[in-house]
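A.B. asks: Protein sequence lines correspond, in order, to chains A and B.
For the first sequence, the working numbering assigns the number 365 to the last residue and increments by one with no breaks.
For the second sequence, the working numbering assigns the number 130 to the last residue and increments by one with no breaks.
Misleading hints may appear alongside valid ones.
What the hints assert, rightly or not - In silico DSBU-like links for lysine-lysine, alpha-carbon gap of 30 Å or less:
#1 A/Lys357 <-> A/Lys292
#2 B/Lys17 <-> A/Lys21
#3 B/Lys123 <-> B/Lys8
#4 B/Lys123 <-> A/Lys346
#5 A/Lys292 <-> B/Lys114
It is worth saying that the hints were derived from the structure and are not from the lab.
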Amino acid sequence: MKKTVLYEEHVRRNAKIVEFGGFLMPLFYTDIIKEHMAVRESSGLFDVSHMGEIRVRGKDANRFLNRLLTSFIPEDGKMKMYYGLMLDFQGGVVDDLMAYAYGPEDYLLVVNAANKDKDFAWISARKEGFDVSVVDESDLFSQLALQGPEAKNVLGRFTDYSLDQLKLFQFDHFQISGKEFLVSRSGYTGEDGFEIYGANADILALFSELAAEPEVTLCGLGCRDTLRFEAAMPLYGHEIGPEIDPLVAGLAFAVDLEKDFIGSDVLRKEKEEGLKRKVVALELLDKGIAREGYEVEADGKVIGKITTGYLLPGRTRALAFALVDADHAKIGMEVSVRIRKDLVPAVVRNKKFLDKKYIR
Amino acid sequence: MSKVLENLLYSKSHEWCLVEGGVAKVGLTDYAQDSLGSVVYLDAGEVGDKVKQFAEFGAVESVKAASDLMAPVSGEIVEVNQEVLDNPELLNSDPYGHWIVKIKVSDEKELDNLLDAKGYRELLE
Numbered sequence: 006m007k008k009t010v011l012y013e014e015h016v017r018r019n020a021k022i023v024e025f026g027g028f029l030m031p032l033f034y035t036d037i038i039k040e041h042m043a044v045r046e047s048s049g050l051f052d053v054s055h056m057g058e059i060r061v062r063g064k065d066a067n068r069f070l071n072r073l074l075t076s077f078i079p080e081d082g083k084m085k086m087y088y089g090l091m092l093d094f095q096g097g098v099v100d101d102l103m104a105y106a107y108g109p110e111d112y113l114l115v116v117n118a119a120n121k122d123k124d125f126a127w128i129s130a131r132k133e134g135f136d137v138s139v140v141d142e143s144d145l146f147s148q149l150a151l152q153g154p155e156a157k158n159v160l161g162r163f164t165d166y167s168l169d170q171l172k173l174f175q176f177d178h179f180q181i182s183g184k185e186f187l188v189s190r191s192g193y194t195g196e197d198g199f200e201i202y203g204a205n206a207d208i209l210a211l212f213s214e215l216a217a218e219p220e221v222t223l224c225g226l227g228c229r230d231t232l233r234f235e236a237a238m239p240l241y242g243h244e245i246g247p248e249i250d251p252l253v254a255g256l257a258f259a260v261d262l263e264k265d266f267i268g269s270d271v272l273r274k275e276k277e278e279g280l281k282r283k284v285v286a287l288e289l290l291d292k293g294i295a296r297e298g299y300e301v302e303a304d305g306k307v308i309g310k311i312t313t314g315y316l317l318p319g320r321t322r323a324l325a326f327a328l329v330d331a332d333h334a335k336i337g338m339e340v341s342v343r344i345r346k347d348l349v350p351a352v353v354r355n356k357k358f359l360d361k362k363y364i365r
Numbered sequence: 006m007s008k009v010l011e012n013l014l015y016s017k018s019h020e021w022c023l024v025e026g027g028v029a030k031v032g033l034t035d036y037a038q039d040s041l042g043s044v045v046y047l048d049a050g051e052v053g054d055k056v057k058q059f060a061e062f063g064a065v066e067s068v069k070a071a072s073d074l075m076a077p078v079s080g081e082i083v084e085v086n087q088e089v090l091d092n093p094e095l096l097n098s099d100p101y102g103h104w105i106v107k108i109k110v111s112d113e114k115e116l117d118n119l120l121d122a123k124g125y126r127e128l129l130e
């Protein structure tokens with residue numbers, strides 16, 4: 006089992022530790038609900054050093070990434086981040102990732118921890134015909150996420166860099182408390198915030214400094230999942246995966262079918278023929294919580310299953326994402342969820358659980 | 006260190022039970038509530054449900070997950086505690102002060118299958 010540089014610090018701060026993506030990570034420090042609310046109302050600090058980093062460099066790096074990723078990465082993209090999915094030849098998702106563009110010949114891909122080795126092997130195996138180098142740099146980086154409406158104020162205390170010039174999905178390198186970090190205005194919570202990458206040797210000092218600020222609550226992966234769910238972001242292995250492609254998942258905004266990428270022919274054909282299944286949002290109309298794996302029924306038949314579901318902090322009705330037959334995927338349609346011995350009525354609704362307050 | 010009360014009987018699945026006049030009050034132990042974290046939802050079955058010893062009769066749910074509630078004795082649910090259904094967080098703040106269901110015990114001999122405080126303490130160690 007792998008540990009991040011901050012593992013001992015999490016244990017010292019009494020975090021409840023769980024295994025995630027091959028790492029021992031904090032699930033929560035005090036309480037998932039409190040940590041969730043802290044990010045919505047003030048700010049939360051996460052250790053996300055488990056995330057993988059893969060460097061792609063070379064003359065053909067831009068063309069290579071446009072071959073690998075569903076989204077279009079413009080050649081003139083510089084110090085900007087691009088969300089994209091990497092598909093296999095059947096259109097299944099290998100991983101979803103953020104590409105940090107330094108320029109057309111230099112990209113840093115930030116990938117899911119559990120998929121990192123698979124991603125590295127997949128990317129490396131696709132290099133033929135491209136002048137690129139692919140290097141796994143995961144061990145060089147530790148990563149923090151500072152998220153929430155107070156994140157900018159807090160981070161601003163430790164740097165002379167003008168954070169206002171950094172908009173959503175932009176990044177830069179600058180000094181925080183005298184050390185250099187890569188900082189992007191981004192996150193996985195639906196709030197304004199920053200993802201901060203630094204040398205392993207520098208991360209504990211920054212973590213401790215930020216954690217000591219009165220607006221900052223330490224947050225574990227428990228609320229990372231409730232927050233990303235409330236922000237309607239997919240999680241690999243739940244809303245996307247080898248069997249759930251990005252069109253089924255409702256991620257067409259990240260799929261450019263005007264270009265050719267691995268899996269694009271499969272998706273074009275699927276789109277032409279019409280999707281057979283879709284990931285939808287459900288709101289339960291009665292008490293109960295729809296959990297991952299629970300069956301969704303309509304007209305006495307199983308028509309799908311829950312991919313993620315929570316009773317979110319501050320809400321009275323449970324929400325869920327479910328992968329269902331396309332016949333039952335229209336907003337307003339009524340279905341039911343099998344929760345133990347009960348069939349609980351639910352309605353297909355929009356995915357806007359939350360008003361996002363990004364700084365664009 | 007989780008609290009264990011002397012006068013109660015315990016199941017290995019971390020329910021407590023107090024039998025008076027043939028009726029068992031059933032709740033969640035301190036260890037169980039602490040392992041679960043904040044309880045956000047409780048499904049305790051319904052009055053009239055027949056339950057079997059060590060079989061699931063409901064669920065207690067934290068933000069993260071649902072855990073089965075197991076009946077420490079066989080019998081029939083004769084009352085469900087509406088106060089904890091409405092305020093499941095009471096199971097965190099005072100687990101032994103709040104029973105979840107009352108079960109009319111069908112066979113008191115089954116109580117021998119439960120742990121006393123000493124036995125439950127040993128289980129937790």
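A.B. asks: For each hint, tell me whether it holds in the structure or not.
C.D. replies: Structure-based check of all given hints:
This hinted pair checks out: A/Lys357 and A/Lys292 have alpha carbons roughly 21 Å apart, not beyond 30 Å. At most 30 Å may separate the alpha-carbon atoms for a hinted pair to count; B/Lys17 and A/Lys21 meet this at roughly 23 Å. In summary, the hint linking B/Lys123 to B/Lys8 is supported, as the alpha carbons are separated by about 12 Å, within the 30 Å threshold. With a CA separation close to 35 Å, the supplied pair B/Lys123 and A/Lys346 exceeds the 30 Å bound.
With a C-alpha separation of about 36 Å, the suggested pairing of A/Lys292 with B/Lys114 is violated against the 30 Å cut-off.
Going through the hint list in order, the structure does not satisfy hints 4 and 5.
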